[in-house]
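Quick mapping for you: the protein sequence lines, in order, are chains A and B. The first sequence begins at 0 in numbering that gives the first Met the number 0 and counts up by one. The second sequence begins at 0 in numbering that gives the first Met the number 0 and counts up by one.
By construction, these hints were calculated from the structure, which means they are not laboratory data. Check each hint, because a few of them may be wrong.
Because identical chains share one entry, a pair is satisfied inside a single copy or across any pair of copies.
[Said to hold, decoys possible] Result set (DSS-like, lysine-lysine): computed pairs, CA atoms no more than 27 Å apart in a straight line:
(1) Lys22 x Lys200
(2) Lys153 x Lys181
(3) Lys153 x Lys183
(4) Lys181 x Lys243
(5) Lys103 x Lys73
(6) Lys22 x Lys243
(7) Lys22 x Lys72
(8) Lys103 x Lys236
(9) Lys73 x Lys181
(10) Lys200 x Lys181
(11) Lys200 x Lys47
Protein chains: 2
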Amino acid sequence: MTTLYLLSSGPGDIGYFPPLARKALEQAEHLVAYGLYLDLLGDLISNKQRYELPLGEEIERARLALNLAADGKKTALISSGDIGIYAMATLVFELLDNADESAKNPQWQDVIIEVIPGISAIQALASRSGAPIAHDFCTISLSDLLTPWEVIEKRLNAAGDGDFVIAFYNPVSRKRDWQLEKAKQILLNYRPENTPVMLGKNLSRANETITHTTLAKLDIQQVDMLTLVMVGNSESKRIETAQKQWVYTPRGYGKKL
Amino acid sequence: MTTLYLLSSGPGDIGYFPPLARKALEQAEHLVAYGLYLDLLGDLISNKQRYELPLGEEIERARLALNLAADGKKTALISSGDIGIYAMATLVFELLDNADESAKNPQWQDVIIEVIPGISAIQALASRSGAPIAHDFCTISLSDLLTPWEVIEKRLNAAGDGDFVIAFYNPVSRKRDWQLEKAKQILLNYRPENTPVMLGKNLSRANETITHTTLAKLDIQQVDMLTLVMVGNSESKRIETAQKQWVYTPRGYGKKL
């Protein structure tokens, strides 16, 4: 019985890659990932067999990883951020559950799976911005490639109505350019124009930029595929210290100060 | 100008404590935390000055950490999990923003703050369970000590209506025993009785237990202060391999398998 590690590489900086993940990586001899994520791991993977499949070939990556492990090869399937959050882990379980019988390998059943979490973009951006997700928050992917837009729009309204702090994953792509503007307009029905908004680009990587703006001033042109967009709730506040500008969402302790 | 590290110690297992956090800990000479969280760091903190304040003295901990740093002492304020998620980071910013002038130290303004994220309980439980938070999810604290119950109830309905996967932080405490049952009843208005529910107790620590149940069968007696409760959305599915039972939430790729 061979182990398939579903391994999170974190937002980018190798400083976020914990000992437990390092240990899993040492065990694995075969690494399956989008190439960029492997590059970020640098020297840690110099003696490994690499299988780099491009963006768009997610199902193929999951299938390859399962097949390698089923063949008795110690394998790690790697995603950036947290592999459990909008990433590859779920595809492995979907394949185990739903693949056509013809495409299924009966030995997949015996693969030992170990999922290793990592720092997701929402946490990296939160840590740079102050403490915006200190109270109830949600994540919403704005990609309607696999989720009908009506479902996304319902969630936007629910998140607005529930006054959750929101992190938007997949806010735009080359082919999707209107969803974030629509999300902004929906949220303006629920939150003040000056609600804090933070844009985090290339988080923990070279050329990281953090931009503070407001919901009304959020300019879709500032956002690209590598940007995480975070919108405060109605309680989120801005403050400035000598160091820089911060945003925090109070837990309600204020009255006791 | 002295740095105050707002440092996350992760769910418990020191294997989740990444190099960047270790480096911050090496820099800090004064550590402020609830005692248990310091114990989990073991040998890493053997030569440090420890300031252990009990549960309930959160504001005092944040104030002490700010005061130490303002006095030129290299200080780390430490929370388990992610210090930005239902934890101490936001209290530091609340104090900077809102403390009575009489209780404020003008030198707080010059403290350099560095927030270091960590693995939160939701990620630890997700990784043990499979891939339940692979699509849109939210977190809700069921503690009504600092948030009015009406706000929490509104969020429960919003999360139900929006079909978010939900993680409940602070599900019960010695003094709070009815909120989780109420939350369950609200969600049953939106989700099937057999919706997967996972309970994670002592995550990544000795005596970790993961319990799989359903929304209808969720027994509040199984939940204590150290338990994270996760409720799947209407799409979340259970599967079993030779190894164990898993829950995953599909991203919608199913149709392409």
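Tested hints:
1. In the homo-oligomer, the alpha carbons of Lys22 and Lys200 lie at most 27 Å apart only across protomers (24 Å), although the nearest pairing inside one protomer, at 29 Å, exceeds that limit.
2. When the C-alpha separation of Lys153 and Lys181 is checked against a cutoff of 27 Å, the pair qualifies both within a copy, at 12 Å, and between copies, at 24 Å.
3. In this homomeric assembly, Lys153 and Lys183 come within 27 Å of each other (Cα to Cα) both inside a single copy, at 14 Å, and across copies, at 21 Å.
4. Taking the closest pair of Cα atoms, Lys181 and Lys243 never come within 27 Å of each other, the shortest separation being 31 Å inside a single copy and 42 Å across copies.
5. For the homomeric pair Lys103 and Lys73, the shortest alpha-carbon distance inside one copy (19 Å) is at most 27 Å, but the shortest distance between copies (56 Å) is not.
6. For the homomeric pair Lys22 and Lys243, the shortest alpha-carbon distance between copies (23 Å) is at most 27 Å, but the shortest distance inside one copy (37 Å) is not.
7. Taking the closest pair of Cα atoms, Lys22 and Lys72 come within 27 Å of each other only inside a single copy of the chain (16 Å); across copies the shortest separation is 35 Å, beyond that limit.
8. Taking identical chains as interchangeable, the C-alpha atoms of Lys103 and Lys236 lie at most 27 Å apart only when they sit on different chains, with a minimum of 18 Å there against 51 Å within one chain.
9. For the identical chains of this complex, Lys73 and Lys181 are neighbours neither inside a copy (45 Å) nor across copies (46 Å), given an alpha-carbon limit of 27 Å.
10. For the identical chains of this complex, Lys200 and Lys181 are intra-copy neighbours only, at 21 Å inside a copy versus 40 Å across copies, given an alpha-carbon limit of 27 Å.
11. Proximity of Lys200 to Lys47 under the C-alpha cut-off of 27 Å is found in neither arrangement, the shortest distances being 30 Å within a copy and 36 Å between copies.
Hints 4, 9, 11 from the list above are not met by this structure, while the remaining hints are.
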